[in-house]
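K.L.:
These are the residues of each chain, in order.
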Amino acid sequence: MQGLVPTATDGNMATEFHNLQELRHSASLANKVFIQRDYTEGTTCKFQTKFPSELESRIERTLFEDTVKTLNNYYAEAEKIGGQSYLEGCLACATAYLIFLCMETRYEKVLKKIAKYIQEQNEKIYAPRGLLITDPIERGMRVIEISIYEDRGSSGSSSGSSSVSGSTAR
Amino acid sequence: MHLGVSESMRECEYSQISTRSSTPMETPYKKKTSKKRKWEIFPGRNKFYCGGRIMMAKQTGVFYLTLVLILVTCGLFFTFDCPFLALQLTPVIPVIGGVLFLFVLGTLLRTSFSDPGVLPRATPDEAADLERQIDVANGSTGYRPPPRTKEVVINGQTVKLKYCFTCKIFRPPRASHCSLCDNCVDRFDHHCPWVGNCVGKRNYRFFYMFILSLSFLTIFIFAFVITHIILRSHRNGFLNALKDSPASVLEVVVCFFSVWSIVGLSGFHTYLISSNQTTNEDIKGSWSSKRGKDNYNPYSHGNIFTNCCAALCGPLPPSLIDRRGFVQSDTPQLAPPTNGITMYGATQSQQSHMVSDTETESVTKTSAFRAPNSFCRLPPHPSSSSRAASQ
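Protein sequences appear in the order of chains A and B. All the letters of the first sequence, read from the start, carry residue numbers 1 to 170 under UniProt numbering. All the letters of the second sequence, read from the start, carry residue numbers 1 to 391 under UniProt numbering.
Note that these hints are calculated values from the structure, not bench results. Even for Gly, the Cβ is constructed at its ideal location relative to N, Cα and C. One thing to keep in mind: the hints can contain errors.
What the hints assert, rightly or not - Which stretches of chain B does chain A cover? Using the computed rule of at least three CB atoms under 8 Å from a CB of chain A, they are: (1) 54–61; (2) 72–83; (3) 116–124; (4) 170–179; (5) 306–320.
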């Protein structure tokens with residue numbers, strides 16, 4: 001596992017990336033952290049707010065917890081059983097569910113909001129710290145995948161760049 | 001001589017590559033010309049139609065039987081019984097029959113064609129991360145450890161989450177792996193051959209509406225066909241009535257045998273919905289009080305009304321498998337971990353190290369994921385064992 005976990009060295013940790021494109025091209029993927037689901041309240045979508053140890057040197061705990069808590073709130077809003085969801089359900093049943101051909105469900109609307117929020121968080125907070133959050137919907141709502149990037153220059157070996165492009169690794 | 005043969009073969013290979021594309025490529029795998037959609041590389045045993053919009057199980061024979069039975073019975077009803085009933089009684093009868101028939105058909109097609117709530121399989125990085133955690137917990141050994149479970153406390157009840165060896169995930173609560181479709185399905189109820197699909201979180205309400213409306217339709221047709229025959233026999237006598245309308249006999253027979261099972265099933269599912277259980281849980285007796293004094297259903301909302309509303313009118317979750325999306329061929333992969341991974345894992349991650357193409361990797365995953373029982377009996381891959389030796 002050596003070389004995969006970024007070791008806390010002097011100044012190399014404070015690599016600055018100005019945008020996501022730069023991050024992807026100038027950095028190599030060092031590690032991925034997976035935030036698992038929290039099932040203590042049932043099957044509603046909720047992620048654990050426990051701060052993973054791999055991120056300790058990369059980002060402040062409060063920022064991370066804020067992100068996860070906001071995401072949890074969004075999912076709770078999407079899955080809320082209340083007046084609006086009943087109305088939508090009854091209307092859909094009455095129209096033999098054909099209404100979904102022209103109307104977006106509330107869940108889908110919230111998912112779009114979540115995608116925008118994640119993009120914004122990546123640009124403002126995570127990319128400057130060499131991290132990237134993957135939308136949980138792309139991982140089957142099972143995990144929040146946080147990719148940890150290292151500056152290519154500091155990784156020190158050619159295997160760093162080849163793991164991204166994959167072409168020269170044989 | 002051997003060298004000469006390989007030289008000429010290599011020559012052929014080079015010329016093959018140059019004719020395929022004009023740009024000098026670093027890898028011999030072409031992926032720019034054909035963009036595949038995700039349903040084309042889906043690892044489960046499902047059939048897809050209309051470009052991935054329709055998703056069904058592999059065996060659909062019984063579904064066609066259901067469709068034929070419904071269409072033929074209703075067709076006969078509208079052709080032979082409705083004219084008489086519309087004239088003698090009221091034209092509202094065929095109208096109500098028509099509405100019921102359309103609703104039944106709509107819900108049936110919706111149940112059969114939609115994604116029941118399939119959970120996508122773990123990405124290689126996710127699977128590797130889980131393996132690492134489990135190995136840390138068990139202590140790294142060369143052989144496969146006993147079935148992995150994780151315990152969670154949900155609303156005061158301890159629930160065991162099982163690890164799915166095929167999908168390489170810890171199944172969320174209430175999810176189950178369907179062996180017929182080879183997928184993990186969220187809130188798995190059962191696999192219904194009559195609708196040709198699994199019944200899970202996303203299509204349970206359609207399934208329930210289907211069997212409920214079908215019960216009404218069956219009882220409706222049965223009642224009015226009997227009425228039709230009785231009215232005719234008042235006029236012409238019973239045998240003549242049967243001779244005049246032979247289709248009615250067939251309808252009565254079909255409806256008589258269907259009504260018991262369908263009405264029974266509707267009743268059973270009404271009970272399940274009101275207590276917020278799945279067929280799976282009910283059959284296993286997971287929340288039955290016979291298991292223990294403190295055993296209760298942690299998912300129930302408390303009262304029947306809320307449970308019903310939640311199941312039928314709750315928010316419809318989105319499909320997690322993104323059938324129509326395009327396969328991303330440039331997702332960065334982690335370098336495979338060098339220790340604590342079973343042979344299978346090493347082979348798979350070695351494959352992913354060789355090509356950056358996600359589609360090929362998924363193909364490897366498909367063939368390897370198919371037989372969870374045999375993965376520890378896989379013969380050692382020559383290059384993976386040499387890699388292990390070089391560590």
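K.L.:
Are there hints from earlier that the structure breaks, and if so, what are their numbers?
P.N.:
1, 2
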